[in-house]
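Peer 1: This is what each chain is made of:
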Amino acid sequence: MWTGILIAVLVLLGLALVFGGLLGFASERFRVEGNPLVEQIDAVLPQTQCGQCGFPGCRPYAESIAEGGAINKCPPGGESTIKALADLLDVEPQPLDAEHGVEQAKRVAVIREDECIGCTKCIQACPVDAILGAAKHMHTVIESECTGCDLCVEPCPVDCIDMITIEPDIRAWTWTPPAATIIATDRQEVSS
Amino acid sequence: MTQLWDFSGGVHPAEHKQLSTRRSIQAAGIPGQLVLPLQQHIGEPAEPVVAIGDQVLKGQKIADVSGGMGVPVHAPTSGVIESIGDFPVPHPSGMADKCIILKPDGKDEWCKRYPISDYRKLDRDQILDIIHSAGISGMGGAGFPTHIKLKPSRDRKVDTLILNGAECEPYITADDMTMRERADEVVSGLKVMAWILRPERCVIGIEDNKPEAATALRKAVQGTQIEIAVIPTKYPSGGEKQLIQILTGMEVPSGGIPADIGVMCQNVGTAVAVARAVFEDTPLVSRVVTLTGEALEKPGNFDVLLGTPVDYVLERAGLQPELVSRLILGGPMMGYTLTTTAVPVIKTSNCIIAATASELPAPPPEQACIRCGQCAEVCPMELLPQQLFWHAKAAEFEKAEHLNLFDCIECGACSYVCPSSIPLVQYYRYAKGEIRVQRAEQLKADRARERFEARQHRLEREQQDKELRRKERAKAAAEAQAKQKVEAEKAAACGEAVDKRAASSALVEQALARKKASSEAAQSRAATPVESEPEKPDIDALEKQLAQAQSKLETMQTMLEDARAQQADNVEKLERAVTKNHDRVKRAEEALAEARKSLASQTESQSIE
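Those protein sequence lines, which keep their order, are chains Z and F. Letter by letter, the first sequence follows residues 1 to 192 in my numbering. Letter by letter, the second sequence follows residues 1 to 609 in my numbering.
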């Protein structure tokens, strides 16, 4: 009887060792560099690189979220980004933290070109290299690359940069969802 | 007899076609003003090639595309370009877009045309060029540039060319009347397209509610191998994918195009436009538009110049303003309500319905879905409209996409049968739009991330380079120092060799003394010039400076004179430069005089001493 128990224990021990070894090998051999969660979070963030969250760029913020930081610090992403983050991390969505700013319509920076003195300060501030120009020459913003982060407005010594809200145009227009009416009489105007 | 297949689903709405088939196609005439949107097709908008005030002839190119996807726009009649700017265009948003406004002069004078007698002598690419420069885009509704559609990628051989004359949507009869009255042009256009594509089979598909059109076409195709297929009337048999299924039994794969299964579908109106472009060198400047609805006195089909305002054509068709409750552009199933009649007729406008309140009443309010499943039964794409509706309403777009939302052709059959009158198609359009916006945003975010990371790398690299250069400089300085030291030691060693026998202490002392002496000498040497030497080189330098400034001034003055003689526009700048140089010369002179004075006083004081 003891031999039976002993055999069972030995077999289990052997199996444990074999699988333990296998798992150990696999974890070394197929090690994932970096934190894959950071990549996933970074993919959800709007990549404006505006720093409104208090981190120098979207990736550092993603890293802080991966370590358990708050998910409601991104004003450019707004509610939809918070919702996506909550879905991804399986946590409760929170309202946007007003301390870091409010959600705004999409904007782009526009340089009033005849006022520009060519100081290159905004070029150095732009996180996505969307401003073109050289010292003592006029600068201009590449509109399609501008993320609307605001960072170039502050350093401009002559205040010649405006943040312009992007107006909806015919090519960017999309259908709106049908307005919900509950009962037939809702549509009738009040007449007395 | 052509073998026919069936597609699943479909509906049979009241046709209302006889309203507009009683009269033959009439010319709508030339309105007081033509509004020509620069984008009447899918793709990139065209760029104006005329300026305000230009006199243009009928058929002259007034806007062109530089490449990519798009077709040019032509002047529909002769006249003057009045303005170029944003005006309301036919679009469900009711927004404005860039348009060219043409004021007709009434002469309707053609520009020079070069018709081709035998297109078979030309290259296929040349024919495609003719089609492109004639500004032809699909006239069935979507407006896809025809020359691109007619050039499928090399690995896609088109076996079957289908001409779509089904026109399944109620009210619309533009294609019907075109086939009845312009059958020869339809067939010759089809022949040109067939010559380009070299298909094995050419079919014209016509619904069986248009017997006159079928008869006219049968007559026109006599002696050719073109088949005429009369198909049962069912909405939406005129949908490209449905017609292909009816005529070939094949389904276009999800997300694919008909060319993937060796089929191409063209509209009959497009065939006429191609025929005119090739045989008459007539660009697309007009189209047949159905004007129908019970609020019109004389409904019918009109040959309308592109850019003609809708209110002008409505007037021609005898609009009774007091009866109109809704104006619809397109058909009642897929069209949209017009908010203003100031919009023009464009290449894709096939029908305008002026409906009375009893004819097309406002849709009853949306009620809850009762899950009757009728929408799924009629869906020609075999989708699950109910599920799509739930997901679209709950903004769960990913799930909707997973259920093949993008295969929806927005035919409206589901909305038509819905007993709860849910505007299903609008939900699908909304969901599609949102998904497209999200995709675009994702793309932009990815690009921003790439640019941000590239910038970070660049900054890092620059920092490293700076660090490297700093280190190199420090190293070079250290080496130079070491070299000096070695030299000094060598010199010391030389001294050592001379006084070999002297005691080491004496040697050190001597060396020290020598060093001390030399440093003292250096000090005295350094000290003496401080007292006596500064003026002399100073005066030389100042004299040099003065000479330089004077020569500069001279050249500036000669330049200024030249500029004045030539009356160049930089005179002002040069004048400023000259005054600046004057100042410079003056300053140099003053400095020199001062230096001389101080030198004189010094020598004086020295002589006194």
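By construction, these hints were calculated from the structure, which means they are not laboratory data. Be careful, since some hints might not be right.
[As the list claims (entries may be wrong)] A short list of chain F residues far from chain Z (calculated; beta carbon distances all over 12 Å): (1) Q39; (2) V89; (3) P92; (4) S93; (5) Q126; (6) R198; (7) A216; (8) Q426; (9) A445; (10) K483; (11) K490; (12) L512.
[As the list claims (entries may be wrong)] Straight line, CA to CA, 30 Å or less: simulated DSSO-like cross-link-like pairs of lysine-lysine: (13) K121/Z / K466/F; (14) K393/F / K103/F; (15) K485/F / K106/Z; (16) K432/F / K83/Z; (17) K475/F / K490/F; (18) K485/F / K475/F; (19) K106/Z / K107/F; (20) K432/F / K106/Z.
[Claimed, not checked] Cβ-to-Cβ under 7 Å is the rule here; a few derived chain Z residues that face chain F: (21) P46; (22) Q49; (23) I142; (24) W175; (25) P177; (26) P178.
Treat the numbers as computed from the prediction; the structure is a model and nothing was measured. By construction, the Cβ of each residue, glycine as well, lies at the ideal position given by its N, Cα and C atoms.
Peer 1: Please confirm whether A445/F is truly not at the interface, meaning its C-beta sits more than 12 Å away from all C-beta atoms of chain Z.
Peer 2: Check fails; 4 Å does not lie beyond 12 Å.
Peer 1: S93/F: least C-beta distance to chain Z exceeds 12 Å?
Peer 2: About 4 Å separates S93/F from the closest Cβ of chain Z, which leaves it inside 12 Å; violated.
Peer 1: Please settle this one: K483/F was flagged as non-interface, so is its CB more than 12 Å from every CB on chain Z?
Peer 2: Holds, since 39 Å exceeds 12 Å.
Peer 1: Beyond 12 Å on every Cβ pair: is that true for Q426/F relative to chain Z?
Peer 2: 5 Å, violated
Peer 1: Beyond 12 Å on every Cβ pair: is that true for L512/F relative to chain Z?
Peer 2: 55 Å, holds
Peer 1: Identify whether the interface hint at P178/Z stands, where standing means a beta carbon of chain F within less than 7 Å of its own.
Peer 2: Interface hint status for P178/Z: holds (5 Å vs cutoff 7 Å).
Peer 1: Are the Cα atoms of K475/F and K490/F separated by 30 Å or less?
Peer 2: 22 Å, holds
Peer 1: Mind checking the alpha carbons of K485/F and K475/F for me, to see if they're no more than 30 Å apart?
Peer 2: Roughly 15 Å between the alpha carbons, so the hint for K485/F and K475/F holds.
Peer 1: If we take the beta carbon of A216/F, is the closest beta carbon in chain Z still more than 12 Å away?
Peer 2: 39 Å, holds
Peer 1: Is the Cβ of P92/F more than 12 Å away from each Cβ in chain Z?
Peer 2: 7 Å, violated
Peer 1: Regarding the pair K432/F and K83/Z, is the alpha-carbon distance no greater than 30 Å?
Peer 2: 20 Å, holds
Peer 1: For the pair we were handed, K121/Z and K466/F, check the Cα-Cα distance against 30 Å.
Peer 2: 20 Å, holds
Violated hints, listed in ascending order, are 1, 2, 3, 4, 8, 9, 14, 15, 19, 23; each of the other numbered hints is respected by the structure.
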